[in-house]
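Heads up: the protein sequence lines correspond to chains X and B, in order.
Going by numbering that gives the first Met the number 0, the first sequence opens with residue 0, and the numbers climb by one from there.
Going by numbering that gives the first Met the number 0, the second sequence opens with residue 0, and the numbers climb by one from there.
Keep in mind the hints are simulated off the structure, nothing from the lab.
Okay, the calculated bits of chain X under chain B, using three or more residues with CB under 8 Å as the criterion:
1) 175–182
2) 260–266
3) 287–295
A few chain B residues facing chain X, derived, Cβ under 8 Å:
4) I340
5) G495
6) D502
C-beta: ideal position from N, C-alpha, C; glycine also.
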Amino acid sequence: MKFLFLLPLLNLAGFLLAIFFGKSVAKGKAHLLTVPFLVVSVLLSVFAFGQIVFDNGTVDDDGRTVAVCSVLAESQDATAADGHGGGHESGHENPCEGVHAVSAATSGVTSGTSGTTDAPAGHGSDEVSHAAAAGVVRLASADGGETDVAQGVAHEELGKRSSHGIDQSFEWFTIGGTTFHMGVHVDGLAVVLCLMVSVIALMIQIYSIGYMKGEVRYVQFMATISLFAGGMLLLVLASNLFLAIFGWEIMGLCSYLLIGHYWEERENQNAAIKAFLTTRTGDIGLLSGSFILFGIAGTLNIQELNDAAVTGTIGGVALTTAAIALFIGVIGKSAQFPLHTWLPDAMAGPTPVSALIHAATMVVAGVYLVARLYGVFAAGVEIGESGVNLIVAIGCVTAIIAAFLALVQWDIKKVLAYSTISQLGYMVMALGAGAWGAGVFHVFTHAFFKALLFLGSGSVIHGCHHEQDMRQMGGLRKLMPKTFWTWTIGTLALSGIIPFAGFWSKDEILGGAYQNGYEIFFVGGAIVAFLTAFYMGRATILTFFGDYRGHAHPHESPSLMTGPLLFLAVPSALVGLFGTPWNNVFLEWVQTFTVKMTDFALFNPLGKVAVHHEVETITYVLAGVSLALALLGLGLSWVVFQMKKTPGDLTERIAALRVGRTLLENKYYLDDLYGGIVYTFREPLAKAVNWTNKHVIDVVLDLTGKSMIEFGKGTYFFDQDLLDKVYDGSAVGADRGGNVLKRMQTGQVQQYLAVFLAASAGLGILLLAAN
Amino acid sequence: MEWFDDWALSLATFLPLVGAAILLALPKERENVIKTVALGASILCAVIGIGILFRFDFSGDVAGYQFEANRKWISAIGTNYHIGLDGISLPLFILALGITLLVIIYSWDHFPEPHNPKMFLFLILLLETGMLGSFISLDLILFFVFFEIVLLPMYFMIAVWGGENRAYASIKFFLFTMFGSAFMLVSFLALYFMSTLPSGGHTFDIVHLSDQDLGVLSDLGTTAGRWIFAGMFLGFAIKVPMWPVHTWLPDAHTEAPTQGSVLLAAVLLKMGTYAFVRISLPILPDAARDFAPYIGLLAVIGIIYGSLACLAQTDVKRLIAFSSVGHMGFVMLGIATLTPIGINAALFGMISHGIVTGLLFFLAGSMQHRYHTREISRLGGLLISMPRLGGLLVFTSFASLGLPALAGFPGEFSSMLSAYQPAEGLNEAVFRTFMVIAAVGTVLTAGYMLYMLQRVAQGKVPDEWAGHTFHDIGTFEYMSWVPLVLMTVVLGVFPGILMSVTDKSVMSIFSGIFG
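Only chain X is shown next, with the shape it has when bound in the complex:
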């Protein structure tokens, strides 16, 4: 685990090698330079993952006992009170020492790295610390003395794990007396995400060797994918928000470069720019939120921020504003309503890119941020306080509107794109409903099956000679059997059919929403479950069943492409089994070293949500409902699209449906709205500014220039035409002003210069003489 910090660096190295030597040394075989680094990344992640799974995080390979640190939480209050300097004690190069090196010396500042990870806070920390010392291990609850019941539960459940992850950092820079650290925070959540990202990135690179063969800028493509993976890993591991923003923006850059990979076409350029600018618009929120957090907490360390928010050290309007602002960043990055419109356009990039960036990893960056900074979000938007909050609402709305949009797409990649938006909405909804573990679980499962589906669609497109319209497909089941079967597994997983991966995570989300008092959103989620199965059924039938309707000669893809498909099919089918309701080991993994956040009541500072441990039966009922809905969706799609039992012109005959269809086909007119706003205002505004510059400011302020006109005609460097033009355009008032000024300054540069020089020379001589 302590080598995980190498992951971003490895991929950065891969990027640099490929970009500089990809052409010359590797002779265009850039994958030789990038893939090895990804392989090492995967190995390191697997190794770390093994430690999480088998050691359960209590002891790491050095035999270092984690986390029994008695000094802690002593100065949580001091952290924020001391305007700057919260949490910035010495950097710890050595993780082992770092954990113990709680800086009493620098006290008054903070408890620092070691005090942060699980940080029971403020009140009640004494008894907790004792518990820790006794080897019981502190629980990571924030409720301190307030909800004793919850503590009891947590003791039982968490007795064997919890405590610190690994913090490795060094002093990065000091500004205004505040020190920022560059460092990583490794805990269960980070390890699981690292594994997911590196495995999928590796698969996608291997797949790309086949898919991108002979395409332009192959070297840059491979290099950028490596950089992208590095950026995501950096975000995953970052221990402070400032570093996280690095990873966040590096991904933004890579996504811009990859979407616009074929930048000869204006359309692709525009898609790339749209993606970059839309996410960047969200970043206004991300930046502002970070500034506010720094302002109120005096630190950007993620763990410290969580602690501060949970313990109530920071709070109130400022925290709420910060959380909302950060969430705007999430909306942009994770393509949530209303900033989701860039993602379908981003399909302009090569298909492996869509799989990597716009399904499996980058878009979940926003979701990950919420999961990572959960304390801040939970306290900020008051998750668990009432049946609704901003996050859950946005998530649900996104999930539903995108699912509807997926229904009317003909482009196979667009179906998946809208499906992605919808599923991201699901994850956000889960987090907003306090079902932290479910949200993270869905990130994990979704990454595998959605990457699988995207790569499958790429295989279809490749096989059909760059045809993306499903109306030109059909009957590919027999022609592309490997693609078909793996696609089917992906579809079943996404639709939430037992026992495939998506079923378990989706079920957990629905269950979480229901149990935490978000019943309405349970209904919304159930609708989405139905729609998902329906549109996936539609896409599958249109593509693989019936007769081939296109004009090409479809063929199965090469093994470099089907290999990753087969590989990804395995986790798509099976990873869900780690998170069954009766034995949720996934939850244990992601919570290793992490604050226990799933059971929201424990986490909620006010403890208003009751703990639901007795509702197992309802879990199965809910699971049954969601499964039934999914089967219904698939069945209905079979009836409609395969058996064609309904009249095809249904939408023609029923007005309401027609309206709905038009609305969907125009993507709720959101693109038109935004485009309209941008195009209405950009040109005129920019022009107005330019005009102001030329005709107002210049005229008003450039009085000296105007006065030149009368006197400067004979001078050497005088351009009559231009100045006359300006003069003509000048207002009468300006002219008068010019006359006034004229008297002060002759306006003739040479003359002025001569006088000035003579005067200063004279003055100098005079003064020297006087001296």
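Using the hints, position chain B against chain X.
Then chain B, alone, in the frame of chain X:
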């Protein structure tokens, strides 16, 4: 090494002048000798600069200035030849040395019409003395002299070697700056006459004037302080340039030869912001507090306004010039917060803008050199016709739009960060509004940069250039650009290198003043 400590700054500052004098004595035709002399002078300067870096005590234990020298100059008015460096001026001093060297290297085979390397290099060396002098002066009159010295060479550079509208642009540049300088000088004189040293008498000494404990300006009334501040503000703000006195900048930049644009953007603009940090704020903290919200307002207007104006540009250089208005807005916003973080951010922003925008102007110049046009509508497909130049343009544009891990980001980030919590006595709500507006500005910045890239770097090669073969980046271009590229990455990834230098001085000067 005592000797070095006493003389290093003076040597570095006046060596270019010696070089310039030698150039004057050389016959015009011996171009290679002329180039060698100029290059030699600037290399020698840079070597001294490296020596200074080695001898400079970065530990922060040394209070005040290093390499200090203080000799009587004109006793009648009590002005001294007082020079010195601290963490605030050192980076700018090195930046000026370095950029001049790179500009001279670039000039080797890039002399603009009407050629005449002798006079061109003469002016650059003269300019170097002025720039370096401004950053080491610790006396108001000395500062003023150097500040004005800079004006002439730049004026002639634009007026003689500039583009079509060079006459208009150069005069505009000259008059604007001169106009501001007049007010600045009046303010300096007022400060002098209103100061009282404990030993009696008046002073121009910046160190004495800014020492609040010394009470040199204790007799100064609030209103008088404000007027003096306003006078200096005008002089410095024009140099920065702040909205709405920025209109000389796009013209000057567009018309100036490449070398002139680079020096202007990289160093000259910084003299204005530097003067705020060195002179205005420490000497007149109370007036600064009164003015801060207005400075902040003008700064954020500049950010938005500059970015919007960029979107309307059809000329590559003009676009980059307007982007400077925006970037300097971030710098001024940092200064306006009056906090150590903000001022550090501003200093960082100055250096990073110098490096990144300097590089952008180099690139624009080289594009113009090859295409003989700067019209965005006539360009396109740079990545195809000259992949290296195009790639570098993409890189630099992203640095300029503030991508993390490149130099533009840390300055902008911390500048906005500081606006959340401005110094005591400033209205938080106002500055927080500025913060959000500035954040909006980052999106606009990305917008126009991508717009420029889309039209210049991407796409197909326009028919006009279809048959042409272009030379990609040449040797001298590499030599002058690679250091800037490296610095862009290094400062982006390790901002601490620069911040550790500035932070100590900033803390020691400002933490006491603004609480």
